[in-house]
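Generate the whole structure from the sequences, applying the supplied hints.
Number of protein chains: 2
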Amino acid sequence: MAKEKKVTQITDMDQDFAQWFTDVVVKAGLIDYSGVKGFFILRPYGYAIWENIQSILDKEFKRLGHENVSMPVLIPESLLQKEKDHVEGFAPEVAWVTHGGSEELPERLCIRPTSETLFCEHWSHVLQSWRDLPMKYNQWCSVLRWEKTTRPFLRGREFLWQEGHTIHATAEEAKEETLQMLKVYADFCENCLAMPVVPGRKTDKEKFAGAEETYTVECMMHDKKALQSGTSHYFGDGFCRAFDIQFADKDNTLRYPHQTSWGLSTRLIGGLIMTHGDNNGLILPPRIAPVQVVVIPIAAKKPGVIEAAEELTAKLKAAGIRTKMDDSDNSPGWKFAEHEMRGIPLRIELGPRDIENNVCVAVRRDNYEKITVPLDDIANSVSGLLDDVHNGLFAKAKANLDSNTHPVHSLEEAKEVINTKGGFIKMMWCGDLDCELKMKEEVGVSSRCIPFAQEQIGDVCPVCGKPAKHMVIWGIAY
Amino acid sequence: MAKEKKVTQITDMDQDFAQWFTDVVVKAGLIDYSGVKGFFILRPYGYAIWENIQSILDKEFKRLGHENVSMPVLIPESLLQKEKDHVEGFAPEVAWVTHGGSEELPERLCIRPTSETLFCEHWSHVLQSWRDLPMKYNQWCSVLRWEKTTRPFLRGREFLWQEGHTIHATAEEAKEETLQMLKVYADFCENCLAMPVVPGRKTDKEKFAGAEETYTVECMMHDKKALQSGTSHYFGDGFCRAFDIQFADKDNTLRYPHQTSWGLSTRLIGGLIMTHGDNNGLILPPRIAPVQVVVIPIAAKKPGVIEAAEELTAKLKAAGIRTKMDDSDNSPGWKFAEHEMRGIPLRIELGPRDIENNVCVAVRRDNYEKITVPLDDIANSVSGLLDDVHNGLFAKAKANLDSNTHPVHSLEEAKEVINTKGGFIKMMWCGDLDCELKMKEEVGVSSRCIPFAQEQIGDVCPVCGKPAKHMVIWGIAY
Numbered sequence: 049m050a051k052e053k054k055v056t057q058i059t060d061m062d063q064d065f066a067q068w069f070t071d072v073v074v075k076a077g078l079i080d081y082s083g084v085k086g087f088f089i090l091r092p093y094g095y096a097i098w099e100n101i102q103s104i105l106d107k108e109f110k111r112l113g114h115e116n117v118s119m120p121v122l123i124p125e126s127l128l129q130k131e132k133d134h135v136e137g138f139a140p141e142v143a144w145v146t147h148g149g150s151e152e153l154p155e156r157l158c159i160r161p162t163s164e165t166l167f168c169e170h171w172s173h174v175l176q177s178w179r180d181l182p183m184k185y186n187q188w189c190s191v192l193r194w195e196k197t198t199r200p201f202l203r204g205r206e207f208l209w210q211e212g213h214t215i216h217a218t219a220e221e222a223k224e225e226t227l228q229m230l231k232v233y234a235d236f237c238e239n240c241l242a243m244p245v246v247p248g249r250k251t252d253k254e255k256f257a258g259a260e261e262t263y264t265v266e267c268m269m270h271d272k273k274a275l276q277s278g279t280s281h282y283f284g285d286g287f288c289r290a291f292d293i294q295f296a297d298k299d300n301t302l303r304y305p306h307q308t309s310w311g312l313s314t315r316l317i318g319g320l321i322m323t324h325g326d327n328n329g330l331i332l333p334p335r336i337a338p339v340q341v342v343v344i345p346i347a348a349k350k351p352g353v354i355e356a357a358e359e360l361t362a363k364l365k366a367a368g369i370r371t372k373m374d375d376s377d378n379s380p381g382w383k384f385a386e387h388e389m390r391g392i393p394l395r396i397e398l399g400p401r402d403i404e405n406n407v408c409v410a411v412r413r414d415n416y417e418k419i420t421v422p423l424d425d426i427a428n429s430v431s432g433l434l435d436d437v438h439n440g441l442f443a444k445a446k447a448n449l450d451s452n453t454h455p456v457h458s459l460e461e462a463k464e465v466i467n468t469k470g471g472f473i474k475m476m477w478c479g480d481l482d483c484e485l486k487m488k489e490e491v492g493v494s495s496r497c498i499p500f501a502q503e504q505i506g507d508v509c510p511v512c513g514k515p516a517k518h519m520v521i522w523g524i525a526y
Numbered sequence: 049m050a051k052e053k054k055v056t057q058i059t060d061m062d063q064d065f066a067q068w069f070t071d072v073v074v075k076a077g078l079i080d081y082s083g084v085k086g087f088f089i090l091r092p093y094g095y096a097i098w099e100n101i102q103s104i105l106d107k108e109f110k111r112l113g114h115e116n117v118s119m120p121v122l123i124p125e126s127l128l129q130k131e132k133d134h135v136e137g138f139a140p141e142v143a144w145v146t147h148g149g150s151e152e153l154p155e156r157l158c159i160r161p162t163s164e165t166l167f168c169e170h171w172s173h174v175l176q177s178w179r180d181l182p183m184k185y186n187q188w189c190s191v192l193r194w195e196k197t198t199r200p201f202l203r204g205r206e207f208l209w210q211e212g213h214t215i216h217a218t219a220e221e222a223k224e225e226t227l228q229m230l231k232v233y234a235d236f237c238e239n240c241l242a243m244p245v246v247p248g249r250k251t252d253k254e255k256f257a258g259a260e261e262t263y264t265v266e267c268m269m270h271d272k273k274a275l276q277s278g279t280s281h282y283f284g285d286g287f288c289r290a291f292d293i294q295f296a297d298k299d300n301t302l303r304y305p306h307q308t309s310w311g312l313s314t315r316l317i318g319g320l321i322m323t324h325g326d327n328n329g330l331i332l333p334p335r336i337a338p339v340q341v342v343v344i345p346i347a348a349k350k351p352g353v354i355e356a357a358e359e360l361t362a363k364l365k366a367a368g369i370r371t372k373m374d375d376s377d378n379s380p381g382w383k384f385a386e387h388e389m390r391g392i393p394l395r396i397e398l399g400p401r402d403i404e405n406n407v408c409v410a411v412r413r414d415n416y417e418k419i420t421v422p423l424d425d426i427a428n429s430v431s432g433l434l435d436d437v438h439n440g441l442f443a444k445a446k447a448n449l450d451s452n453t454h455p456v457h458s459l460e461e462a463k464e465v466i467n468t469k470g471g472f473i474k475m476m477w478c479g480d481l482d483c484e485l486k487m488k489e490e491v492g493v494s495s496r497c498i499p500f501a502q503e504q505i506g507d508v509c510p511v512c513g514k515p516a517k518h519m520v521i522w523g524i525a526y
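If you read the sequences in order, they're chains A and B.
Converting from the first sequence to our numbering requires adding 48 to each position, the first position being numbered 1.
Converting from the second sequence to our numbering requires adding 48 to each position, the first position being numbered 1.
Hint data in this document are derived by calculation from the structure and do not stem from the laboratory.
All the given hints hold, so there is nothing to weed out.
Identical copies look the same in the list; a pair holds intra-copy or inter-copy alike.
Keeping only pairs whose Cα atoms sit at most 25 Å apart, straight-line, the calculated DSS-like set for lysine-lysine is:
1) 85 x 130
2) 365 x 418
3) 365 x 107
4) 298 x 383
5) 184 x 75
6) 383 x 184
Have a look at this one:
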């Protein structure tokens, strides 16, 4: 369990977490900065993580009956304006195209910040009867939001995401879809990214522009701040009315369908870095790691070592384990540091003595534990170790979340907890916007969600003293 | 072999091929028109074709050592201007972003028409030594070109594509890459899309803006016009010099790497429609068809029919054949027409008498042949039939290409052939731009390529009478 080696090129995470994060995304080769502020280049290693996220989620979306489509990247200003709340939410932060070639355009077009309006326009063309419902679409693309302050993964002017958009014959069905997709996100975060979530509903203040209800999965980062990791929205029939989308129901009456949307982005990569990383760099959860195992031959020039390492690598690959052998000229020490920086979940060292004993040495990235593993049945053993790394990462993150979530019963206590300990606070709330604003003003926290797992930790709202309606999770958010 | 049924909703392809094409893309559910001219919505069925194209090519790119990345969607004007030929080629047809939120930007940003300049900027940050080379990247994304006339798939202001970008230590290696990727495109067109290609080099006039050499695969459509289906470019070190990209070579000298790029787009979907379709609609090559087989129960209310159809469907699916059963309330005739319109390569009919005889009836979409197939070992039989459909489509397209490619030996003959027969002409050429321009002016054709398969069909250029350098394929192009 001994820590092997201190990589000194990156900032200490407990000294300056923000700088540590920036160091990691650059040094691990995930990101390069482009010439335009807030636009980041996803390098092969960073993009490969996104590809693994895509591949798992895309299968799950399709299993649940969703189909992928491709919508235009540009939205006419008049289309964006069709739903009042929506345009108010997004118009201030979009990029405007005003010229095509040498000509000024008759109407400004914005680069999509999200595509509800485009999907609605399309549905208004193609929806006819109840037989066409539900329409359950998804799109993988990039969107733009002209943010003032930007950071790799966490807040970019452009980011990659998926946006699901569905319409249904009834409100019930649409609500079911909204919650089902939140569950997909929650399960994905926990089971694939080893990130424990607090699922719940957003307050009205924190809802998506134009939504009736917004649901979220909130995660706690290493620095105890919150990261909203995926959201799912129920729109009722608001957009459908604004866009005049109707269908002939079974009784031949024209009705408005009910709508949802849900999205998850490359922000989540920022989230997993800030959840799992340590002072030696990135730690990738095995199920989305582009390379799950790196095999390092020790005393590689000794006869038979490279061959044995190749054989081991081939065996693991054949079992579907994403494995690379590093037989470069660098020293083992340099390689250990390099692959730790890149967060590879499991390192396997194989030297002449190991080969003699028919074993190899596996080192877990999450806790540096060294395990001697027999080479017989190695693929099964390594699979098990990768699960152990996943479980180890999850348990550590869960302990961080649980031990830093504090029930509080007064405004004073809330301030003290946030100032001295940080983390999330659980507090009852009356449901009034005024009290929510006061929490921001006086305590410096926003409501993260009204968690599904409610506890009756008091009867009144500690801010105003009126009867409490919900327990809310509050925190400082990215 | 009898034609089953005339679907009357679409225009006759021999009356008005352009209108037939538009009818097919809409009626088969591939495309919807968005509110912005030249921007098309890829509906689920259209996008699923692209996903299959992506999946096959992505695997092949990766097998050959390429890695995917994600570059920004916006390019600063100053960056686009760094390579002179490139900016001249693209600046007239880009969309310009001038405002972010409510602020005017200090510098205009264009939406990428292609990303050479972005890749070059990135390489100038990250390339250090010969050990880093080659860098072989690819990106799946959409690009914008502000075209005046637009048509679904064939010419959109936005289209989906992949763009490969690589740099190499030597010119030889880069040239090898350029030709290798053209070969990938050629094999893909022929083996997966059943589209025979004429591979070759573009003349200087037809080269990509900034390239030293451009290679192309040209296909002939049903109307005998040419479609450029994929291109691969060798840049030499021109961009690398303009962007000051250098690496320390093994001898410690700083050198400029040599660069390639290569791309293939959703245009190819337009190509396969125009290659294979008929008056009953789309015909999809089996290897990229989202649904390869549709199973239609006949007299579905008779006991056991649905169950037998379900069992058959499950068997085919289990064998990895993309199969759907249509047990909707519509009549078999309606279903036949519908699935023909959508181009499903093989239809299987299964009725009570078939079940009694332990057979089903397969109908090929390419030639309407009806084949009685034993239900035993059905998956193998269906696999074979799908190959037959592929081969049938390829043979028909190859016959179209071969019988409509005419060797000509004089300008007069060229004019006559183009005016009376159409198609491609093979003609010797001196290599001078003037003669190429004269061919356009007088015959109305552009040079499609200098094919790799050269024939010495004469000694002089029929336009000017000077000694001939190459045989060129000329035609009218989309």
